Amino acid sequence: MTMLGDRQQLSYIAAQAADARVNVELETEGMTLNIGPQHPATHGTLRIVARLDGEQVVWAEPVAGYMHRGYEKLTEVRTFPQVTALINRIDWLGSFANEVPFILAAEKLMGVEAPPRAQHIRTILFELSRIANVSLFLGDLGVQLGAVTPVFFAFRDREYVLNLIEAATGGRFHPNFDRIGGLKDDLPAGFIDETRTVMVKLRRFCDEIESLLFGNEIFQSRTRGVGVIPRDVALSYGLSGANLRASGVEWDLRRDQDLPMAWNKADWKVWTHPDGDSFARCWVRLQEVRESTKIVDQLLDTIPAGPVMTKVPKIIKVPEGEAWVSTENPLGEMGYYVVSKGDLGPFRVKIRSASFNNISIVPWVLRGVYVPDIITILASLYFILGDIDR
Amino acid sequence: MVGVELAYWAESLLRVLGGLVAVLLPAGTVVYLFLFKMMSFMQSRLGPMEAGPYGSLQLFAEVGKWLQKEDIVPTNAQPEARIFKIAPLVVLASTFLLVAVVPFGPDAWFTDFDGGIFYALAVSSVSVLGILIAGWSSANKYSLLGGLRAAGQLIAYELPMVLAVIGVVIQAGTMNLQKIVVAQNAGEIFGWDGLGNPFLLTQFVGFLIFMIAVQAELTQTPFDMPIAESELVSGYMTEYSGFRFLIFFIGEFATAGVFSMIASVLFLGGWGVPFAWFGWTAIDDVDNWMNVVGPLILFTKMIIVVFFVMWVRFSYPRFREDQLQRFAWKVLIPISLANIMVTAVLKVAF
Amino acid sequence: MFPLSSTETTAEVRDDVRAAALAEVTGALGDAVRDSLLKPGDDIWVRVDATAWRTTVETLKSLGYGYFCFLSAIDWMPSPYGKGEDDPTEPAVERDMTIRQGYAGGESRFQVFARFVKPCETVGVTIKTDVPESMSVPSISAVFAGANWHERETHEMFGISFDGHPDLRNMYLPTDFEGHPLRKDFPLLARMVKPWPGIVDVEPLPGEDSNGEDDAS
Numbered sequence: 053m054t055m056l057g058d059r060q061q062l063s064y065i066a067a068q069a070a071d072a073r074v075n076v077e078l079e080t081e082g083m084t085l086n087i088g089p090q091h092p093a094t095h096g097t098l099r100i101v102a103r104l105d106g107e108q109v110v111w112a113e114p115v116a117g118y119m120h121r122g123y124e125k126l127t128e129v130r131t132f133p134q135v136t137a138l139i140n141r142i143d144w145l146g147s148f149a150n151e152v153p154f155i156l157a158a159e160k161l162m163g164v165e166a167p168p169r170a171q172h173i174r175t176i177l178f179e180l181s182r183i184a185n186v187s188l189f190l191g192d193l194g195v196q197l198g199a200v201t202p203v204f205f206a207f208r209d210r211e212y213v214l215n216l217i218e219a220a221t222g223g224r225f226h227p228n229f230d231r232i233g234g235l236k237d238d239l240p241a242g243f244i245d246e247t248r249t250v251m252v253k254l255r256r257f258c259d260e261i262e263s264l265l266f267g268n269e270i271f272q273s274r275t276r277g278v279g280v281i282p283r284d285v286a287l288s289y290g291l292s293g294a295n296l297r298a299s300g301v302e303w304d305l306r307r308d309q310d311l312p313m314a315w316n317k318a319d320w321k322v323w324t325h326p327d328g329d330s331f332a333r334c335w336v337r338l339q340e341v342r343e344s345t346k347i348v349d350q351l352l353d354t355i356p357a358g359p360v361m362t363k364v365p366k367i368i369k370v371p372e373g374e375a376w377v378s379t380e381n382p383l384g385e386m387g388y389y390v391v392s393k394g395d396l397g398p399f400r401v402k403i404r405s406a407s408f409n410n411i412s413i414v415p416w417v418l419r420g421v422y423v424p425d426i427i428t429i430l431a432s433l434y435f436i437l438g439d440i441d442r
Numbered sequence: 247m248v249g250v251e252l253a254y255w256a257e258s259l260l261r262v263l264g265g266l267v268a269v270l271l272p273a274g275t276v277v278y279l280f281l282f283k284m285m286s287f288m289q290s291r292l293g294p295m296e297a298g299p300y301g302s303l304q305l306f307a308e309v310g311k312w313l314q315k316e317d318i319v320p321t322n323a324q325p326e327a328r329i330f331k332i333a334p335l336v337v338l339a340s341t342f343l344l345v346a347v348v349p350f351g352p353d354a355w356f357t358d359f360d361g362g363i364f365y366a367l368a369v370s371s372v373s374v375l376g377i378l379i380a381g382w383s384s385a386n387k388y389s390l391l392g393g394l395r396a397a398g399q400l401i402a403y404e405l406p407m408v409l410a411v412i413g414v415v416i417q418a419g420t421m422n423l424q425k426i427v428v429a430q431n432a433g434e435i436f437g438w439d440g441l442g443n444p445f446l447l448t449q450f451v452g453f454l455i456f457m458i459a460v461q462a463e464l465t466q467t468p469f470d471m472p473i474a475e476s477e478l479v480s481g482y483m484t485e486y487s488g489f490r491f492l493i494f495f496i497g498e499f500a501t502a503g504v505f506s507m508i509a510s511v512l513f514l515g516g517w518g519v520p521f522a523w524f525g526w527t528a529i530d531d532v533d534n535w536m537n538v539v540g541p542l543i544l545f546t547k548m549i550i551v552v553f554f555v556m557w558v559r560f561s562y563p564r565f566r567e568d569q570l571q572r573f574a575w576k577v578l579i580p581i582s583l584a585n586i587m588v589t590a591v592l593k594v595a596f
Numbered sequence: 151m152f153p154l155s156s157t158e159t160t161a162e163v164r165d166d167v168r169a170a171a172l173a174e175v176t177g178a179l180g181d182a183v184r185d186s187l188l189k190p191g192d193d194i195w196v197r198v199d200a201t202a203w204r205t206t207v208e209t210l211k212s213l214g215y216g217y218f219c220f221l222s223a224i225d226w227m228p229s230p231y232g233k234g235e236d237d238p239t240e241p242a243v244e245r246d247m248t249i250r251q252g253y254a255g256g257e258s259r260f261q262v263f264a265r266f267v268k269p270c271e272t273v274g275v276t277i278k279t280d281v282p283e284s285m286s287v288p289s290i291s292a293v294f295a296g297a298n299w300h301e302r303e304t305h306e307m308f309g310i311s312f313d314g315h316p317d318l319r320n321m322y323l324p325t326d327f328e329g330h331p332l333r334k335d336f337p338l339l340a341r342m343v344k345p346w347p348g349i350v351d352v353e354p355l356p357g358e359d360s361n362g363e364d365d366a367s
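Residue numbers (our numbering), protein chains in the order written: chain A, 53 to 442; chain B, 247 to 596; chain C, 151 to 367.
Hints are not guaranteed to be accurate.
Unchecked claim - Simulated pairs of lysine-lysine, PhoX-like, Cα-Cα distance not exceeding 20 Å:
(1) C:Lys233 - A:Lys125
(2) A:Lys253 - A:Lys236
(3) C:Lys344 - A:Lys393
(4) C:Lys233 - C:Lys344
(5) C:Lys233 - C:Lys334
(6) A:Lys393 - A:Lys366
(7) A:Lys393 - A:Lys125
(8) C:Lys334 - A:Lys125
(9) C:Lys268 - A:Lys393
(10) A:Lys369 - C:Lys233
(11) A:Lys346 - A:Lys317
(12) A:Lys369 - A:Lys236
(13) A:Lys236 - A:Lys363
(14) A:Lys393 - C:Lys211
(15) A:Lys369 - A:Lys393
(16) B:Lys425 - B:Lys593
(17) B:Lys283 - B:Lys331
(18) A:Lys366 - A:Lys236
(19) C:Lys344 - A:Lys125
(20) B:Lys331 - B:Lys315
(21) A:Lys346 - A:Lys253
FYI, nobody ran anything at the bench for these hints, they're computed from the structure. Remember, predicted model here, so these are calculated numbers, not experimental data.
All chains should be built: construct the whole structure from the sequences, respecting the hints.
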């Protein structure tokens with residue numbers, strides 16, 4: 053396979069050979085380290101079983117499933133509007149973004165489209181939840197690497213974004229605001245001005261994080277060249293989002309996909325990084341927060357007038373058919389394969405969540421690294437437990 | 247010099263009390279002033295505000311909380327429960343041994359002997375034993391990794407620390423800490439004695455290396471791999487609770503204070519003010535009131551030094567184990583060796 | 151209603167990109183293709199023979215569909231429990247249990263489906279295959295490493311095994327768990343141990359009369 057030619061793999065094999073020579077004389081014994089399910093570094097309950105030789109990882113394997121809630125089964129006994137309350141809890145840091153692809157899939161099956169104003173507001177809220185999600189990642193990154201300060205900055209500024217989401221939707225974490233055919237409500241008064249000032253704060257936050265973390269030499273030496281994922285391996289594992297773009301694939305579903313959303317009405321850039329290492333992944337995410345603030349700023353200027361809800365039946369029955377819609381969520385590509393049999397509820401919903409694929413690369417990428425790098429690599433791959441286990 | 251005559255028992259009692267104060271006061275100050283307040287302000291939050299004015303009694307609340315907690319020995323550590331229990335005491339003992347050589351005033355010292363700095367550097371390594379014992383006897387993989395990391399790190403950084411101090415020793419011509427203080431305060435810079443001659447100016451490289459090594463000896467970020475809460479939960483302290491955890495905690499911050507005192511003594515003129523201000527020329531001229539003011543001066547200097555230690559701690563991410571070793575052996579040790587050579591050459595030249 | 155199985159494009163909208171992609175894929179796969187469907191502006195569905203499952207994926211990879219999106223399965227049998235909303239005191243409800251497959255047709259109760267995308271061009275294809283009686287489908291984890299976990303998940307949720315998969319352990323469930331939760335005949339226990347609270351809600355839903363006709367059609 054292509055992955056065997058990788059430099060990291062070769063150095064690992066060389067280290068193994070060297071160890072084998074030493075072992076003949078010393079009879080060393082490896083150690084199996086259980087990282088998690090309760091561990092400070094695994095925000096949630098992911099467990100990593102790592103076989104160690106000294107501080108070097110011989111093999112490592114993530115064990116998921118401590119938070120499996122069976123959403124795919126639960127959706128089958130719910131009606132279409134009820135499903136959004138469940139899928140809010142998949143990626144709980146950017147909840148609104150979870151609702152959008154499902155609603156779009158249902159709308160596609162029904163052949164309805166949200167009015168332009170609703171599309172605009174959806175996009176704004178989508179980007180706000182991305183900012184709320186990724187800004188916490190940027191702060192958490194510092195904690196994983198031992199710098200305690202950035203996370204407090206992140207919580208401080210994320211609070212403003214959550215306040216905005218709360219003002220618009222009524223829920224800070226689980227908005228449940230998206231409806232088939234539009235949105236539950238219009239934006240509250242003063243939302244646009246308030247959002248502008250918050251976006252300025254967020255851009256300042258990005259500058260702070262960039263100078264505090266990304267410019268730091270220790271941070272760079274800890275992340276550069278660590279956990280390198282080449283382009284073809286990333287694609288083969290189905291990595292998505294910033295993880296894929298950090299491996300040099302210029303692909304963003306917001307730009308490259310034709311969806312009834314308002315991303316193409318704003319002028320923004322898709323950032324990529326050629327290196328594919330931990331630093332690249334973190335850096336791409338930082339740039340994405342900046343681009344999101346730009347998107348929000350531009351969309352605020354151009355919100356069209358009109359209703360936020362199109363005419364849909366009061367009892368929503370979705371015609372028979374199958375639909376796949378995926379969007380570029382904060383964690384990567386999140387999609388729903390919705391099968392309907394013309395019933396009140398879906399017949400089958402396959403939830404394609406980003407973290408599931410992103411974490412499946414862990415056994416490959418962790419071989420031969422040191423224990424501290426496990427944390428760096430996991431932090432930079434960025435997963436949410438609810439997004440793995442669903 | 248007219249001194250206050252004290253009976254032997256009174257002097258001994260004073261020394262014991264003084265030793266306790268010299269360890270616990272810096273620890274308390276460092277924790278409250280820096281860990282609680284400065285860290286909070288740097289992170290745009292208030293820190294403790296409820297217990298006492300500006301949360302100043304928070305410290306007592308924390309200590310009270312820890313004292314109430316159960317002293318747990320994990321089941322796997324039961325066979326060596328005594329060793330498990332003694333580990334934090336070994337760490338704290340090293341701090342007390344360390345403070346014994348720090349001079350606080352012309353006559354305010356615990357011991358005053360010629361091998362002072364040699365002794366200080368030697369006993370500071372005793373804490374490694376405590377940490378290794380803690381790491382091994384906890385029977386926990388995280389603790390073991392933490393303990394081994396601590397041992398490797400502390401041994402690696404002992405060397406640059408010793409080498410950095412040698413520059414000072416060469417310049418002062420003595421290993422006695424009291425005499426190093428006098429040498430700085432009685433000294434002159436090209437005939438001008440308004441500042442004395444603090445070795446910070448001439449031994450700036452040595453000071454930097456010493457402070458970096460201190461940071462590593464204290465296992466503060468960026469050298470906190472032995473604790474590394476995001477990787478090893480709490481390193482060698484993982485299995486400790488209640489009073490024994492508190493002792494580790496006091497040991498950590500008291501050592502930060504004591505090492506900062508030693509740094510002040512070696513590089514910032516210790517307890518003294520430039521002797522020229524008051525027309526003193528040698529230690530025997532120093533007025534008696536310096537025995538009261540001296541400790542305050544030293545304490546102030548310590549606070550300044552700790553400020554930098556803590557500032558770095560709150561702002562930096564941590565190194566990886568191999569990068570840390572590489573930094574010690576490939577960067578710090580060569581530079582400190584060069585520093586010794588330059589110092590020796592200049593010493594002979596002037 | 152949409153036609154559920156057709157190789158022809160039915161819509162007014164032309165979608166040259168996807169039409170070309172479908173032609174390319176079906177051309178390369180040859181005899182393996184059982185059925186295919188193109189919905190302009192939406193997606194492509196291709197159903198292939200189970201024995202050709204792995205070669206299909208290899209062909210797709212060589213055609214540039216290098217991004218593995220997901221793999222899963224569908225149980226086309228309607229649930230014997232409905233939505234789990236039946237009153238346990240009433241006699242069991244008669245349900246229509248005929249199996250009707252979705253897009254691109256099918257012959258079996260279970261279908262495995264997966265999706266591959268041409269990165270950057272965002273042209274994707276959803277491929278399906280009928281699961282034979284042996285409940286076993288060739289594994290594609292050697293072609294796309296990311297399929298490893300998806301096949302494990304599908305194995306524990308549907309009981310479909312994948313030939314050539316290195317390690318079909320359970321992902322979520324305990325090792326000794328019996329049953330395959332996403333099969334339709336696996337009851338949702340929450341609705342079994344406690345009757346659905348909506349049973350007591352006898353109020354008619356709003357607008358039931360006015361919209362009833364539209365929805366029934």
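Comparing the hints with the structure gives:
no., hint, in the structure
1, C:Lys233 - A:Lys125, "holds (11 Å)"
2, A:Lys253 - A:Lys236, "violated (28 Å)"
3, C:Lys344 - A:Lys393, "violated (26 Å)"
4, C:Lys233 - C:Lys344, "holds (14 Å)"
5, C:Lys233 - C:Lys334, "holds (11 Å)"
6, A:Lys393 - A:Lys366, "holds (19 Å)"
7, A:Lys393 - A:Lys125, "holds (16 Å)"
8, C:Lys334 - A:Lys125, "holds (9 Å)"
9, C:Lys268 - A:Lys393, "violated (29 Å)"
10, A:Lys369 - C:Lys233, "holds (15 Å)"
11, A:Lys346 - A:Lys317, "holds (12 Å)"
12, A:Lys369 - A:Lys236, "holds (18 Å)"
13, A:Lys236 - A:Lys363, "holds (13 Å)"
14, A:Lys393 - C:Lys211, "violated (32 Å)"
15, A:Lys369 - A:Lys393, "holds (9 Å)"
16, B:Lys425 - B:Lys593, "holds (17 Å)"
17, B:Lys283 - B:Lys331, "violated (32 Å)"
18, A:Lys366 - A:Lys236, "holds (13 Å)"
19, C:Lys344 - A:Lys125, "holds (17 Å)"
20, B:Lys331 - B:Lys315, "holds (15 Å)"
21, A:Lys346 - A:Lys253, "holds (12 Å)"
In terms of the numbered hints stated before, the structure departs from hints 2, 3, 9, 14, 17, listed from lowest to highest.
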